[in-house]
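Participant: Okay, so the sequence shown: first residue is 0 according to numbering that gives the first Met the number 0, each after it adds one.
Hints are supplied without guarantee of correctness; some may be wrong.
Below, computed lysine to any residue pairings styled on SDA-like, alpha-carbon distance capped at 25 Å [unchecked claim]:
id	residue 1	residue 2
1	K53	A16
2	K51	E41
3	K5	N23
4	K1	K22
5	K1	E50
6	K3	D32
7	K1	I26
8	K51	P33
9	K1	I67
10	K22	E64
11	K22	F69
12	K1	P47
13	K5	I48
14	K1	N23
15	K53	I40
16	K3	E64
17	K53	L13
18	K3	E31
19	K22	E66
20	K51	I40
21	K3	A42
22	K53	E14
23	K3	E50
24	K1	P34
25	K3	T45
26	K51	E30
27	K51	E64
28	K5	K51
29	K1	I48
30	K5	D32
31	K3	A20
32	K5	D17
33	K3	D17
34	K1	A25
35	K22	T60
36	K22	L59
37	K22	L56
38	K1	A42
39	K1	S49
In case anyone wonders, no lab produced these hints; they're calculated from the structure.
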Amino acid sequence: MKSKQKTRIIQGCLEQADPDAIKNIAIFLEEEDPPVIWMAIEALGTLPISEKIKSILLPLTENSEEEIRFSFV
Numbered sequence: 000m001k002s003k004q005k006t007r008i009i010q011g012c013l014e015q016a017d018p019d020a021i022k023n024i025a026i027f028l029e030e031e032d033p034p035v036i037w038m039a040i041e042a043l044g045t046l047p048i049s050e051k052i053k054s055i056l057l058p059l060t061e062n063s064e065e066e067i068r069f070s071f072v
């Protein structure tokens, strides 16, 4: 699946306001494509802050990509 398709899926999860949106978006944080990871981070950032979102984003502070890691500092 191409990056554009993945970002459309992420956007669709937000628009549908599905109860599983957090879980469905978090899957894309495991991608190797930085633009897809960024889109997922931004999407999660638009949702109301919760412990679930914090626990999903916290491991990204140790991501191998410097830009992703330092976005949480």
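Participant: K1 and I48: Cα distance at most 25 Å?
Facilitator: Not OK: K1 and I48 at ~29 Å, beyond 25 Å, violated.
Participant: Quick one, are K1 and N23 close enough, alpha carbons at most 25 Å?
Facilitator: holds (17 Å)
Participant: Has the given pair, K1 with A25, been kept, meaning a C-alpha gap of at most 25 Å?
Facilitator: holds (17 Å)
Participant: Hinted pair, alpha-carbon criterion (25 Å max): K1, E50. Please report holds or violated.
Facilitator: violated (31 Å)
Participant: Measure nothing beyond the straight line between the CA atoms of K5 and D17; if it is 25 Å or shorter, mark the hint as holding.
Facilitator: The hint holds at about 17 Å.
Participant: Under the criterion that the straight-line Cα-Cα distance not exceed 25 Å, is the pair K51, E41 satisfied?
Facilitator: This hinted pair holds, its Cα atoms lying about 15 Å apart.
Participant: For the pair supplied as a hint, K3 and T45, confirm whether the alpha-carbon distance does not exceed 25 Å.
Facilitator: It holds: about 20 Å lies between the C-alpha atoms, which stays within 25 Å.
Participant: Hint check: K3 vs A42, CA-CA at most 25 Å. Holds or violated?
Facilitator: holds (15 Å)
Participant: Against the 25 Å threshold, does the CA-CA distance of K1 and K22 hold or violate the hint?
Facilitator: holds (20 Å)
Participant: Is the Cα-Cα distance between K22 and L59 25 Å or less?
Facilitator: Between K22 and L59 the Cα gap is close to 15 Å, so the pair holds against 25 Å.
Participant: What's the verdict on K5 and K51, does the C-alpha distance respect the 25 Å limit or exceed it?
Facilitator: holds (22 Å)
Participant: Take a quick look at whether K53 and I40 sit within 25 Å of each other, Cα to Cα.
Facilitator: holds (11 Å)
This entry does not satisfy hints 5, 12, 23, 29, 39, going by the numbered hints stated previously.
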